[in-house]
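Please model the complete structure; the sequences and the hints are all you need to start from.
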Amino acid sequence: MVPDGYEVGVFVKGLDTPSAATVDGDGNLWVAISGNLFGGLDEIDPPHVKVFDKDGNLIKEIGKGVFSTVMNEIAYCPENGVTYIPEYGEKIWEINGVDGELTQIIGNLPVGDHRNGGVTCRDGYLYFALGLPSNTGFADPDNHGWVDVPSDPYWEIHDDGLPNTPHDAPCRDIEHTGLNVRSSDGRLTGAYMPVGVAAQPGQIVKAQTPCHGSVIRVKLSDKNADGMYSHDSMENYAWGFRNQSGVEFGPKGSKFENALAVSDNGANDLGNRRIANGAEKLWIVTEQGQDGGFPDKEGMNFVSNKRFGHKTYNGSVVDRPLPNAYIGDEPWVPERVPYRFQHHVDNIRGVPLITANPNPNGYINPVLEWDTNNPIDGIAWSAGNYGADNHLFGAVYGILDTGPESLIPTWPMILQVEFLEPTGIKWSAFAQNIEPGPNAYQKEENRGGLERPNDVVFSNDGKTMYVVDYGEVYTDFEMPSPFYTTAGSGVIWTITYTGN
11 MVPDGYEVGV
21 FVKGLDTPSA
31 ATVDGDGNLW
41 VAISGNLFGG
51 LDEIDPPHVK
61 VFDKDGNLIK
71 EIGKGVFSTV
81 MNEIAYCPEN
91 GVTYIPEYGE
101 KIWEINGVDG
111 ELTQIIGNLP
121 VGDHRNGGVT
131 CRDGYLYFAL
141 GLPSNTGFAD
151 PDNHGWVDVP
161 SDPYWEIHDD
171 GLPNTPHDAP
181 CRDIEHTGLN
191 VRSSDGRLTG
201 AYMPVGVAAQ
211 PGQIVKAQTP
221 CHGSVIRVKL
231 SDKNADGMYS
241 HDSMENYAWG
251 FRNQSGVEFG
261 PKGSKFENAL
271 AVSDNGANDL
281 GNRRIANGAE
291 KLWIVTEQGQ
301 DGGFPDKEGM
311 NFVSNKRFGH
321 KTYNGSVVDR
331 PLPNAYIGDE
341 PWVPERVPYR
351 FQHHVDNIRG
361 VPLITANPNP
371 NGYINPVLEW
381 DTNNPIDGIA
391 WSAGNYGADN
401 HLFGAVYGIL
411 DTGPESLIPT
421 WPMILQVEFL
431 EPTGIKWSAF
441 AQNIEPGPNA
451 YQKEENRGGL
461 ERPNDVVFSN
471 DGKTMYVVDY
481 GEVYTDFEMP
491 SPFYTTAGSG
501 VIWTITYTGN
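In my numbering, the protein residues as written are 11 to 510.
A few of these clues could be false.
Stated by the list, open to error - List time: in silico DSS-like cross-link candidates among lysine-lysine, alpha-carbon distance up to 25 Å: (1) K262 to K23; (2) K229 to K265; (3) K265 to K436; (4) K262 to K70; (5) K436 to K23.
To be verified - Pairwise CB distance ranges (calculated): (6) D232 to V18: 34 to 44 Å; (7) G372 to G66: 41 to 51 Å; (8) E71 to H320: 23 to 33 Å.
Simulated from the structure, these hints should not be mistaken for lab results. Note that the Cβ used here is the ideal one computed from N, Cα and C, for glycine as well.
This is the structure:
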């Protein structure tokens, strides 16, 4: 379902795992194919990029046998005619035109759950998202399977005097509270530390560039002689995020021209520093150095707020809400407030902080918080000719295995965000199925709609939105592979403004 004045069509169907798209200067649609990320029984097309002309004819396949995984966004840069392709294997590639040469330009990005995400360009800079490797700040083996990778390529070239196993890198110097977690194998691990390395109260952890949970930028002109961008040439542009799928500047000539929209997936309620009710978010970054605050701040508030605690503490030391949390080598025991309420609410709830020195420049807040564990992935601004100038659209992919479902599912959906004057936003469901939930679970008479929208992008004339629908994904933990991707179920939809 879409609003009056818009028409839905199918640009191409029968794809395996399409994850992102971009439109080049000739109007060709480049579509990233992720490959068989989730396992399953079907044979799935390997990672590569398909290029279609304006009529939906396949004209080129790029990167088969080169990419190991393609995820999140790809982007065409009109400033230089180059298409940028982040690979979810610690690399970023570029290609100049359909017949250009595919070339790696960035490497040695970090290992973890959240790697390089969205990419864009503006005024001579390349911008790309770099996720926080961990869930909530810890290389916790009870939460992550990569913590004992013997040598993370990122830490091989960023010597912090600690082991080179994967761990998070801060974007500013932080004074540590000494918060550690003890995993089930007995190891004590501090936030921002490699697995098995404890932190102490007052310890200073130095910033790195590029840091994690950030948007990084590098001058397009700053390539080395080997054609690569070195980490030394990069800048930390904005930070305090977790898993940024989309990064998009507003339309040229609008008041949002220098506003960078960022879609960000919130914390999963897992691990020994579990944060409950973390929202999916849309941010607007307006200048360099702005900080969203994660992993101590989740969206609007610090995680010490009661919203984020999964369990109340009633004063019993043996019934602590986070029994494997420590300050230094002492168990973390919440400090109760001196005042009292009625018996049924006379408790405290929240999550301990990692950082003892708040950012002296303050923090930004998201413009929108969305349903927990229902990520808003790819985003795009409408410029003109779409009946909604300077609105922000986002693809809501939907829940997998990261939490319970809501009473009313909030996916799949194309979300529309309108910016009000003098302030505030208004959001609405721009495109959705007849009933909540994905196409495969609709009543038979209602089928033929969205499964897993993962990206949105506009045609060059601004009249058509392309929606990248990843396709059908089942989650069944009684199967050999808990995630099952259905071959040939991916679709590129068009939603065209007719004005009628």
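The hints, checked one at a time:
no.: 1; hint: K262 to K23; verdict: 32 Å, violated
no.: 2; hint: K229 to K265; verdict: 23 Å, holds
no.: 3; hint: K265 to K436; verdict: 17 Å, holds
no.: 4; hint: K262 to K70; verdict: 30 Å, violated
no.: 5; hint: K436 to K23; verdict: 32 Å, violated
no.: 6; hint: D232 to V18: 34 to 44 Å; verdict: 43 Å, holds
no.: 7; hint: G372 to G66: 41 to 51 Å; verdict: 48 Å, holds
no.: 8; hint: E71 to H320: 23 to 33 Å; verdict: 46 Å, violated
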